[in-house]
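Enquirer: The primary structure of each chain is shown beneath.
Protein chains: 2
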Amino acid sequence: MLKVIAQDFMRVESIDLVLPLYRELVEKTRQEARCLAYDLFIDQKDPGHFVFVEEWPDRAALDAHCRTEHFTRLVPLINAHQRQPCIITLMEPVAA
Amino acid sequence: MLKVIAQDFMRVESIDLVLPLYRELVEKTRQEARCLAYDLFIDQKDPGHFVFVEEWPDRAALDAHCRTEHFTRLVPLINAHQRQPCIITLMEPVAA
Chain A
1 MLKVIAQDFM RVESIDLVLP LYRELVEKTR QEARCLAYDL FIDQKDPGHF
51 VFVEEWPDRA ALDAHCRTEH FTRLVPLINA HQRQPCIITL MEPVAA
Chain B
1 MLKVIAQDFM RVESIDLVLP LYRELVEKTR QEARCLAYDL FIDQKDPGHF
51 VFVEEWPDRA ALDAHCRTEH FTRLVPLINA HQRQPCIITL MEPVAA
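Chains as they are written, first to last, in the numbering used here: chain A, 1 to 96; chain B, 1 to 96.
Hints were generated in silico from the structure; no laboratory data involved.
Hints should not be assumed to be uniformly reliable.
What the hints assert, rightly or not - The following label-pair restraints were derived from C-beta to C-beta distances:
{"no.": "1", "chain 1": "B", "residue 1": "I87", "chain 2": "A", "residue 2": "R11", "range": "43 to 53 Å"}
{"no.": "2", "chain 1": "B", "residue 1": "D63", "chain 2": "A", "residue 2": "E32", "range": "29 to 39 Å"}
{"no.": "3", "chain 1": "B", "residue 1": "Q31", "chain 2": "A", "residue 2": "A80", "range": "23 to 33 Å"}
{"no.": "4", "chain 1": "A", "residue 1": "Q31", "chain 2": "B", "residue 2": "V12", "range": "37 to 47 Å"}
{"no.": "5", "chain 1": "B", "residue 1": "A96", "chain 2": "A", "residue 2": "R11", "range": "18 to 28 Å"}
{"no.": "6", "chain 1": "A", "residue 1": "Q31", "chain 2": "B", "residue 2": "I15", "range": "36 to 46 Å"}
{"no.": "7", "chain 1": "A", "residue 1": "D39", "chain 2": "B", "residue 2": "R59", "range": "35 to 45 Å"}
{"no.": "8", "chain 1": "A", "residue 1": "P85", "chain 2": "B", "residue 2": "L17", "range": "25 to 35 Å"}
{"no.": "9", "chain 1": "B", "residue 1": "D58", "chain 2": "A", "residue 2": "R67", "range": "34 to 44 Å"}
{"no.": "10", "chain 1": "A", "residue 1": "E92", "chain 2": "B", "residue 2": "R83", "range": "19 to 29 Å"}
{"no.": "11", "chain 1": "B", "residue 1": "M1", "chain 2": "A", "residue 2": "F9", "range": "17 to 27 Å"}
{"no.": "12", "chain 1": "B", "residue 1": "A96", "chain 2": "A", "residue 2": "A33", "range": "15 to 25 Å"}
{"no.": "13", "chain 1": "B", "residue 1": "Q82", "chain 2": "A", "residue 2": "I88", "range": "46 to 56 Å"}
Claimed, not checked - Simulated coverage check for chain B against chain A, where a stretch passes if three residues somewhere in it have a Cβ under 8 Å from a Cβ of chain A:
{"no.": "14", "segment": "13-25"}
{"no.": "15", "segment": "41-48"}
Said to hold, decoys possible - So, partial list: chain A residues that the calculated Cβ filter (under 10 Å) puts toward chain B:
{"no.": "16", "residue": "Y22"}
{"no.": "17", "residue": "L36"}
{"no.": "18", "residue": "L40"}
{"no.": "19", "residue": "K45"}
{"no.": "20", "residue": "F50"}
{"no.": "21", "residue": "V53"}
{"no.": "22", "residue": "L77"}
{"no.": "23", "residue": "L90"}
{"no.": "24", "residue": "E92"}
{"no.": "25", "residue": "P93"}
{"no.": "26", "residue": "V94"}
Keep in mind it's a predicted model, so treat the numbers as computed, not measured.
Note that CB positions come from ideal geometry on N, CA and C, so glycine has one too.
Go ahead and model the full structure; you've got the sequences and the hints to work with.
Expert: Dropping the structure here:
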């Protein structure tokens, strides 16, 4: 299982513009056959800090997600409002 | 709902020492009545970068977690192996 945390840092004045884009990205991504979880959160201390918490069965599913129509169309529109580069962390569960 | 990402940065030479402490912390925290999720991951690119993905019903549940016997005993033992301070992000879901 592949867990992903993707942290976006948006200009605060752009939040109203990016929220509909984020919502479409979440809705369409959750329809991908191999998406296990794709949830979006906002940092309580920074309204421009958006955090995706994702779960994929494997790296191939994540790579396929990054090639979808919705990803390749929406992510550049979202990233136009970045104030700093996103941070993407790919992780594996700690064995119990 | 309160989502938490807690990122620990451990010295790589300490990983074998902290893993049993982390495992006990996860096991005991999951037994807390108000813990909704408490999962631990390792960054694929940095074996000393441990990431908790947590879910609590509210801030009071998180505060109670931080006062438990297992938290107050184990976290200082874990933090003795830190190479840099942890980063804790408290978040709320983006409304659909």
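Enquirer: Evaluate each hint against the coordinates.
Expert: Consistency of the hints with the structure:
The beta-carbon spacing between I87(B) and R11(A), approximately 22 Å, falls outside the hinted interval of 43 to 53 Å. At roughly 37 Å, the beta carbons of D63(B) and E32(A) sit within the given window of 29 to 39 Å. In this structure, Q31(B) and A80(A) break the distance hint of 23 to 33 Å, their C-beta atoms being roughly 46 Å apart. Remark: the range hint 37 to 47 Å for Q31(A) to V12(B) is upheld by a beta-carbon distance near 40 Å.
Checking the proposed 18 to 28 Å range against A96(B) and R11(A) shows it holds: the Cβ atoms sit about 23 Å from each other. With their beta carbons about 38 Å apart, Q31(A) and I15(B) fall inside the hinted range of 36 to 46 Å. Distance hint for D39(A) and R59(B): a CB-CB separation of about 19 Å, inconsistent with the stated range 35 to 45 Å. Between P85(A) and L17(B), the C-beta spacing of about 34 Å keeps the proposed range 25 to 35 Å intact.
Under the hint 34 to 44 Å, the C-beta atoms of D58(B) and R67(A), about 39 Å apart, fit the expected range. Separation of E92(A) from R83(B) is about 20 Å and conforms to the stated range, judged on CB atoms against 19 to 29 Å. With their beta carbons about 23 Å apart, M1(B) and F9(A) fall inside the hinted range of 17 to 27 Å. At about 21 Å, the beta-carbon gap between A96(B) and A33(A) stays in the expected band of 15 to 25 Å.
At roughly 23 Å, the beta-carbon separation of Q82(B) and I88(A) lies outside the given 46 to 56 Å, and the hint is violated. As drawn, the segment 13-25 of chain B meets chain A at 3 residues by the rule of a beta-carbon pair under 8 Å; at three or more, the given contact holds. Interface restraint, the segment 41-48 of chain B with chain A: holds (5 residues with C-beta to C-beta distance below 8 Å; minimum three). At about 6 Å, the closest approach between the beta carbon of Y22(A) and any beta carbon in chain B falls short of 10 Å, and the interface hint on this residue holds.
A least Cβ separation of about 13 Å between L36(A) and chain B goes past the 10 Å threshold, and the interface hint is therefore violated. The beta carbon of L40(A) comes within 4 Å of a beta carbon in chain B, closer than 10 Å, and the hint placing it at the interface holds. For the restraint placing K45(A) at the interface with chain B, the shortest Cβ-Cβ distance is roughly 7 Å, inside the 10 Å limit, so the hint holds. Checking F50(A) against chain B: minimum C-beta separation of about 7 Å stays under 10 Å; hint holds.
At a threshold of 10 Å, the smallest CB-CB gap from V53(A) to chain B is about 6 Å, leaving the interface hint in force. The beta carbon of L77(A) comes no nearer than 17 Å to any beta carbon in chain B, farther than 10 Å, and the hint placing it at the interface is violated. Taking 10 Å as the C-beta contact cut-off toward chain B, the hint placing L90(A) at the interface holds, the least distance being around 5 Å. Evaluation of the E92(A) hint against chain B yields a held restraint, the C-beta minimum of about 6 Å falling below 10 Å.
With a cut of 10 Å, the hint placing P93(A) at the interface with chain B holds, because the nearest CB-to-CB distance is about 6 Å. Because the closest C-beta pair between V94(A) and chain B is about 4 Å apart, less than 10 Å, the hint holds.
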